[in-house]
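Visitor: Chain residues, written in single-letter form:
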Amino acid sequence: MAVTLPEPVRVSPLIKTCRWTALGLGIWWGTKRYAALKAEEDEIRAYNAKMKPIWDAEKAAKAAASNREQMIYLAKESGTPIPEGF
Amino acid sequence: LNRKMALNLIAKAPGNLIRFTQPRLATFGRYAKVELTPPMPNELGQVIKSSAKLLQSTLTFKWATCTVGEAAVNAIIVAEIAGWFFIGECIGKGSVVGYQV
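In order, the protein sequences belong to chains U and F.
For the first sequence, the numbering used here gives the first residue as 1, with consecutive numbering after it.
For the second sequence, the numbering used here gives the first residue as 1001, with consecutive numbering after it.
Heads up, a few of these hints could be off.
As the list claims (entries may be wrong) - Once the Cα atoms are required to be at most 27 angstroms apart in a straight line, the calculated DSS-like pairs of lysine-lysine come out as:
no., chain 1, residue 1, chain 2, residue 2
1, U, K62, U, K50
2, F, K1033, U, K16
3, U, K16, F, K1062
4, U, K16, F, K1053
5, F, K1049, U, K16
6, U, K76, U, K62
Note that these hints are calculated values from the structure, not bench results.
Make the full structure from the sequences, and use the hints.
Guide: Right, dumping it as structure tokens:
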């Protein structure tokens, strides 16, 4: 490498303070937003976990009802007798 | 023979890495010590003076008389400082792209 590199620039102290304060502010802002968003997401996750059994039960009940209606319809169309209490 | 070459490469890797990075790290350190260091306490007087000068120039509308070249340089400096803020935010949130909640 025969290239001569230039001399380092003397950066103004105002710019240096602005840079490092911006870095510090960024780190603080990042941690603050992360904490807030994590709290929200944890709430949503907890709510979903709580409701999952209820929703699963509702879906299963609806599926069983529609299944029953379809079987009755098929039985009527195909002429098979429907057992008692179905 | 390929196996021998591969083993030789792996064995020499740390030495080659050091030999490659050390001069470059040295030049980086040379520039960083002058350009990147945080402001020392003895420079704070200059900081206050420069910020007072900036404030004065905004109030007296002297900033409208600067050349477009100067304005462009200042715009790039502001963009660089904004970049440092975003790097800090990435460090704070612990991820590069998004908040991994």
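Visitor: For each hint, tell me whether it holds in the structure or not.
Guide: Verification of the supplied hints:
no.	hint	in the structure
1	K62(U) / K50(U)	holds (20 angstroms)
2	K1033(F) / K16(U)	holds (12 angstroms)
3	K16(U) / K1062(F)	holds (23 angstroms)
4	K16(U) / K1053(F)	holds (16 angstroms)
5	K1049(F) / K16(U)	holds (14 angstroms)
6	K76(U) / K62(U)	holds (21 angstroms)
Hint compliance for this structure: no hint is broken.
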